[in-house]
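So the sequence lines, in the order shown, correspond to chains X and D.
Offset between the first sequence (1-based) and the numbering used here: plus 177.
Offset between the second sequence (1-based) and the numbering used here: plus 1.
Hints may be right or wrong, so weigh each one.
Cross-link-like lysine-lysine pairs, in silico, DSSO-like; alpha carbons within 30 Å at most [stated by the list, open to error]:
1) D:K352 x X:K517
2) X:K542 x D:K474
3) D:K398 x X:K200
4) X:K417 x X:K288
Which residues of chain D face chain X? A partial, calculated answer using Cβ under 8 Å [claimed, not checked]:
5) R396
6) A481
7) M489
8) I648
Away from chain D, derived, C-beta distances all over 12 Å, residues of chain X [what the hints assert, rightly or not]:
9) A308
10) G319
11) L387
12) K391
13) Q469
14) V515
For the record, the hints were derived by calculation from the structure and aren't laboratory data.
Just so you know, even glycine gets a beta-carbon here, dropped at the ideal spot from N, CA and C.
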Amino acid sequence: MKVLSPYKEATDVILEAGGEPLKLCYQCGLCTGTCPWNTVRSFMVRRIMHEAQLGATDFAAEDVWICATCGACVQRCPRGVEIIDVMRAIRRAVASLGIGVVPDALRISAKNIAGVGNPFGEAAEKRNDWAKDLNVKFFAPGTEILYFPCCVPSYDPDTKTVARANATIFNKLGIDYGLIGTEAKCCGEAIRKAGHEETFQSLAQNNINLFNSKGVKTVVVSSPHCYHTFKNEYPELGSKFEVLHTTQYLASLIEQGKLKLSREINKKVIYSDPCYLGRHNNIYDEPRKILQSIPGLELIEFPDAREDGLCCGGGGGRIWMDTPKGERFSDIRVEQAVEKGADIIALACPYCFLNYRDSVLSMGKAETMQVKDITELVAEAMMRE
Amino acid sequence: MEEVKIGVYVCHCGVNIAATVDVAEVARYAGTLPGVVLSRDYVFMCSDPGQDLIRKDIKEYNLNRVIVASCSPRLHELTFRRVCESAGLNRYLFEMVNIREQCSWINEDKEANTEKAKALVDAAVRRVHYQEALEVKEAPYNPNTLIVGGGIAGIQAALEIANSEHKVYLVEREPSIGGHMIQLDKTFPTLDCSQCILTPKMSEVGSHPYIELLAYSEVQEVSGYVGNFKAKIRKKARYVDESKCTGCAVCMQKCPYKTDSEFELGLTKRKAAYIPFPQAVPNVATIDPNICIYIKSGGKKCGACIKLCSAGAIDFNQQDQILEVEVGSIILATGFGLMDPTRISQYGYGKYDGVITGLEFERIVSPTGPTGGKIQLKDGREPESVAIVHCVGSRDKNYHEYCSRVCCMYALKQANYIKEELPNADVYQLYIDMRSFGDGYEEFYKRLSDEGVNFVRGKVAQVTDRAINDEEKGKLIVVAEDTLLGSMLRIPVDMVILCNAVEPQADAGEVANRFTISQKATGFFLERHPKLDPVATPTEGIFVAGCCQSPKDIPDTVAQASAAAARVLAMISKGRITLEAAVSAIDEEKCSGCKICLELCPFSAISFDEEKKACQINEALCKGCGVCAGACPSAAITARQFTNEEIVAQVEGVLV
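Bound conformation, chain D alone:
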């Protein structure tokens, strides 16, 4: 066997390490350890001169092992592996020791830190004696992409990718794409009509040769790995043949059964046979099996739609279908939910008719909405005064600690709706802090001030109908401290709009599990890095866009969706992926065929070969977690780069 020649590099990280670890002493000590031919300390190992130092030494001293004691491997392991490779050394002969996060940053005691750093370096030195060069393999990258969620984020990403002539499967669980954006009347701060700017994109998606739109469908199961995912998609039965339906809506007009319209947030009814809104894509009818009396009676009653559909599109024999697709990348654009404001009982939502949510108000204002765009109360009266309550469940420890990021601006926008249609109505904004940080937002705030909107700085304590004088009778009274006046305010109004918090979708946890990604403490999906990699997730090949990652407005959502698409296109463009070489290997001679590993593998990477009566590992699927190696009763499995010898040597280094 070749003689082991180790180079040890101890990084100062400026003062991050050097202030609380005696780096020169650690380097000196490393030099005394067996196999170490040189050891150095240097101010920034990750800098170009630091990297050059390693390259030069590898050549000059014929180093065949390199150890860098610096920060977390999460930060720079890849950097130093590349340095080694560029000097002709296999990347798996490099080892990193974390003396920053695990040492200098957590303790002020320089002497103790230095001792710990020495022990950690000792452990690495003992370990690298057993490290072996591993062959890095590559696999082809499937150029198809799965996008989950057909709101503005999913639509944007789908079009970006499809326009470069790569196949996209766009899955949406509702009957139509469009998401929350299609429910809005206008968009801030420019007041473009939301439907006018979104419907062209929706119809482009519907007819795009590179997009296979799977509406009224849900992803059930995902397997595989970056570049080679397999997804099972349940296409729910619409009881309407999509290829025949012309969207004429006769079935909808004649269907006698009704329920609350999801699209109109229950402000109006829809039929059992329905198209959720006029610009729906795909523009086909859906029959709701929970309402349809034909389905519920087993075909004994009604059937009006079958008789009246001239296209013969109604098909009550339709069943849910399971489609299997193979893709290289996945973009999750599953959007957000809105907090149920009945949780804050003192705001009277659900108790007083005049208290509504911001999204409900969007529907009321929309020309296609339940009132045809007329701003009115449940009883048909025009409101003379409206209070818009900010931070309903946002910035509040009792509900959601984060800011929902869109409410300040849409509250201004909604004040504009009211002032445009009812110029004499009084509008009050009850806010804690006005946050108008985006492009053109502050200008929009100024414009609304000019329109005569009243701004009251104070969190609303209560909405009540208990009047204390004649002026308040028949009104809803909004109670708050005006914190700028330092005085209590009671504002009698006719309508109260609650800006209820943006929150993760109710099933975000299940979705995260299904796609093997994580959630943040807020419940939104975790990105790989909040600043430097906000589009990727810790799971290779799975990206996030829009409000499923954190609350954001339309401009930010579109930017993130385009970024996700760019990341996917970059992967497709490269066309292949590098596979992790530090994976498990089975010695078929030793394997008894007990299949314990088969059950334990979280990545379904192990299969059983009936002929050889032994287990086998798919190296493309294996992530090198080592569960199988630990569990194998015959010690037939080796976790490469984490062999028993390597780990025992490392432990010895720390303990001895």
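Isolated chain X (complex conformation):
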């Protein structure tokens, strides 16, 4: 029989890495019951908390890397335990102390981010190549808005459309905006959740110094992950700029009458709340308002929407790891969208975009189901002149 003894040193490692909230856990298991993983595989969140409390954590286990940080458990935890902070602390212990194994895919992305400032390992100079033919200027002191698209739309060939749609809208409206130079690096949100704290600190410092030195006051971002860290984590490290997600910015332009959507899109559109826009930052209405402003568009909802929205599976560094077929949340969502009779799945996050695009392709639904960022739909719905 396996007999455990509490191992205080292991608990201390986790506590020091930021796992302090785990002390509050009273082992009710609501987190396990709420966690979407348990609809497709076993992931005992409560047991991870208890193992950490007793120092019985198996740092080499696969479980260390499963959590997609969607926040569903945190939202409902009766003791208010910041479960994501605990998961991050366990990962930090592995990544910084080498007491376990970082999965290969994650290790490569982490290395790329630390080395060249983006997860793809692409050259920093190519960061703004997506905008080459679009006549976009660079941010200079005095420019009103910095547009920061996230590494994925900057480098991923299929996702570039999101950044390009955004630039097209801004150009048409004559908005005074610019792109940051190629010194910019990944925001670091996901790599921090994946336990690479030092990498995050250095990325954040680089970006904060860069933005501050250029006099950036307002940043518009396409990714809820950039939004989250800029809004909630960078200020502690000395950032001084305001951040808006594109859906917030576009919704405000619509409200002020500056952005008019007059071309009909006669489609049934289903919107998937990104975890980092919704649960993490409480932005549910703006994306819906934008979609409802598009003439002809019929907005429908997933069975689990808003606060209950199902994660795409891409948070917490999972976007760089492989999720086996049969365990992909975005597959479940695509099925639900088909069942609901949707023509288009509307998104507001580049990670969701990657996952949903893969799901639609691998499920053979690409002919009947489109995956689009809200920005792309807005660009389409603007009058062509």
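Given the structure of chain X, go ahead and fit chain D onto it with the hints provided.
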């Protein structure tokens, strides 16, 4: 003027003060201050030897001022005032300095603490030079009692007091007394029938010569002070003459208009003319003006009840009445509310017919309830399986952090209802921790285990009808982690009972304001001390009993109600109250009659004398808060014991 002779006593409080304050140094320093004839430090000033020390010194050294530097005045000011009095010194010549809560407990730096303690003692020494002896007066205590709330707490307290032949006004806002307890089928852990044990008490209240029952009434306004409160009570129009109505219920049978029954929690309907339940006290009908078509049509339509009432009790000309009563004590027994479980949308209350609350289940099981006591679903089927979900909004930071204290036990009791009537039904208790701490409770838990109830340790994540296999089709699936197995569970059931949290009444805040008492962070009424005075409130003469103070079960409620009654009887028995002497006084010569103080006084203690053209203070009502003294533009008002000289001297002591 008599020479000021001050004795200063610095308390060690064991190590509570002495560990971080150099008490000997503080005493030495005090001895150097003007007017101080002796200063000592002692290990426990509140102990008998400590008190004797003060008494002895007062006599031996002719002390006429005493200062004790120790803990908070809330704790021991009264103790030391009594010591002074017993040695012949007026209580207002005593001053207390708090060097524990305000000094030793809040800082580790002994040197800094000692300096602060010295400054505080210095301030007190300067202050007492100006303190004067004040005359302590007494007022008679009105032996009548107002009890608000006619649940088991109010009923118990009312009977205890009335049985000693003192008058009680029992105010209940519903048409009948009985509260939540009369809605229950049985009571844990003994399984006595709730109605059987409560109705004798209810009818005793209804007919008691010393109880004036004011049902369908609400207290609107309270003024006065301990021993002499005045309350205005709104007696709502029933449109039925209580003295004539025989409770025959003909009006109820013939009335054609219906609405959801409050007593049956909307599980069935009641009429516009109604008696909420058969054992109601008073057993008289009430006509609901929101439903009655006769009232709504201005007397043009219906009127069936008028024609059919053989007692001639129907009276549509009735108006709300305002009654004024004078009482010495008030007991609040206003009970609790239950959290609306639709707030936790994932539990499906209001969405699935099979999801009900614990109290609704009590009504379903009750022989007088909507199904005549048959356990059944909305569609009439008997449930084959039932899940009882604990901690619905309790022990949960997102709703109520506290434990509701009754759910574990009533969940066991309800499992017993099911096992008695439907022995083949499967019952699942989904709990976080089983709390069966009361007398006979653990034994009851064991008994239910023996009856074959399933216990699953895990907080329910979701109740859904989305089946993933044939077995789940047509069922409600309760999803939770079984934390003891470390595995996910999906339990298909027909009925889900939610143990929704006990919470303060929706209008607890307004009631607290009306009676000038406070609420705790939870919203329940604040008691004077959670352990040593759980029945009194910080407002003298106002007591609390039952769930308005915190969630509790029937045995605890009855105990607290009896305790509240005992406290009231003790006050009545003494028959008089001591009035605070440290109150404000107006110099009528200086008063310009501007009435600024009149508006500001929170206790309505100031009136204007038209003849003298000056304001006057009712010393019985004044609490000595000093607002008037601070605001008076002619400096005509003095707050006794807080005169300008006293305060300035004290401030100097701290600053210099």
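Outcome of the hint check:
no., hint, result
1, D:K352 x X:K517, "holds, 20 Å"
2, X:K542 x D:K474, "holds, 29 Å"
3, D:K398 x X:K200, "holds, 15 Å"
4, X:K417 x X:K288, "holds, 28 Å"
5, R396, "holds, 6 Å"
6, A481, "holds, 5 Å"
7, M489, "holds, 5 Å"
8, I648, "violated, 44 Å"
9, A308, "holds, 43 Å"
10, G319, "holds, 46 Å"
11, L387, "holds, 39 Å"
12, K391, "holds, 42 Å"
13, Q469, "holds, 23 Å"
14, V515, "holds, 17 Å"
Going through the hint list in order, the structure does not satisfy hint 8, though it satisfies all others.
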